[in-house]
Amino acid sequence: MSLRLQYSLWALVLLRLLVPVSFGSTGFSVMNMLPENPAEAVLSAALSVGVPHDAYTLTEGTIATPEENTAAGVQNETPRCNEGAVTDVEAHVMDWGTIALAVWFTGIAVVGLFLLIFNLRFAARIKKTRRVMNAGEYKLPVYVTNAVDTPCLFGLFHPAIYVTDEAAENEVKLHHALEHEATHFRHGDHIWSILRGVCLALHWYNPLVWWAAVISRRDAELACDEDTIRRIGEGERAEYGRTLIGMTCQKRTALLLAATTMTGSRSSI
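Those letters in the sequence shown? Residues 19 to 287, by my numbering.
If you're looking for bench data, these hints aren't it; they were derived computationally from the structure.
You may find that some hints are simply not true.
For each label pair, taking beta carbons as the anchor points, the in silico distance ranges come out as [said to hold, decoys possible]: (1) L33 to A127: 21 to 27 Å; (2) A142 to D113: 41 to 47 Å; (3) L33 to N152: 39 to 45 Å; (4) T147 to T116: 43 to 49 Å; (5) L226 to L138: 27 to 33 Å; (6) F175 to A127: 37 to 43 Å; (7) V190 to A141: 28 to 34 Å; (8) R204 to T124: 37 to 43 Å; (9) I117 to L226: 22 to 28 Å; (10) E187 to T124: 35 to 41 Å; (11) F175 to R248: 24 to 30 Å; (12) L174 to E244: 22 to 28 Å; (13) H176 to G264: 14 to 20 Å; (14) R204 to R34: 22 to 28 Å.
Being a predicted model, the structure only gives us computed values, none of them experimental.
No residue lacks a Cβ here, since even glycine has one placed at the ideal position from N, Cα and C.
Given these sequences and hints, build the entire structure.
Pasting the structure below:
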């Protein structure tokens with residue numbers, strides 16, 4: 019299986035996380051932690067625990083016939099549940115449901131705020147220091163900035179390539195960096211990175227989603243490398259690998275940052 023195809027399979031995971039529709043009975047949600055009918059479930063458990071064993075154990079000779087009950091003045095009435103108790107249980111369960119929703123929405127707000135702050139600060143920093151670079155063969159604008167540690171693609175509505183001073187001073191490194199980030203653009207990774215952040219905000223409570231975000235970003239880089247080598251030719255594979263090793267960012271980039279940086283590890287290269 020090609021790395022591009024492997025990476026594209028993450029679209030199914032993304033769709034499942036973003037579309038609030040259950041396609042089966044295995045979907046995980048905050049509200050799935052509650053019973054389908056919470057009030058009845060809690061009430062049933064309370065009644066089953068509160069009834070002594072000898073209250074429903076009958077022995078031979080203790081069962082009265084309807085005629086005997088009538089003679090004894092016993093009325094055949096259907097037992098009624100205490101309506102006040104049911105109301106109290108329902109109110110208690112609804113309180114827990116409200117609390118769960120409040121916690122979930124609070125988490126979404128916090129992670130969403132971090133997502134916004136990270137990207138606004140990053141955008142402000144690179145705009146203050148960027149310098150226009152002439153790269154005629156590329157449709158995207160290219161800038162040189164010392165505000166990034168590695169070449170990257172950033173921007174949703176006006177995406178642009180940002181390269182380091184080191185890359186700008188070396189023709190071979192610059193060529194490889196521009197091809198790498200242009201491939202990210204063709205893959206739409208600047209959009210996927212934002213959607214990845216939205217998934218993290220919606221599912222902040224699920225560690226599997228955070229793990230999936232890390233793996234999907236790694237697969238994005240591997241798919242990008244595979245496509246870049248295919249475009250520049252197998253003859254440049256070794257030189258391209260040396261460029262990646264020399265320019266790979268040693269610091270981990272925040273998952274909420276919507277920039278496609280060269281974050282692959284040396285071992286994966």
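Going down the list of hints, with the structure as the test:
no.	hint	in the structure
1	L33 to A127: 21 to 27 Å	24 Å, holds
2	A142 to D113: 41 to 47 Å	43 Å, holds
3	L33 to N152: 39 to 45 Å	40 Å, holds
4	T147 to T116: 43 to 49 Å	47 Å, holds
5	L226 to L138: 27 to 33 Å	28 Å, holds
6	F175 to A127: 37 to 43 Å	24 Å, violated
7	V190 to A141: 28 to 34 Å	29 Å, holds
8	R204 to T124: 37 to 43 Å	38 Å, holds
9	I117 to L226: 22 to 28 Å	23 Å, holds
10	E187 to T124: 35 to 41 Å	48 Å, violated
11	F175 to R248: 24 to 30 Å	29 Å, holds
12	L174 to E244: 22 to 28 Å	25 Å, holds
13	H176 to G264: 14 to 20 Å	29 Å, violated
14	R204 to R34: 22 to 28 Å	25 Å, holds
The structure does not agree with the numbered hints 6, 10, 13 stated previously, though it agrees with the rest.
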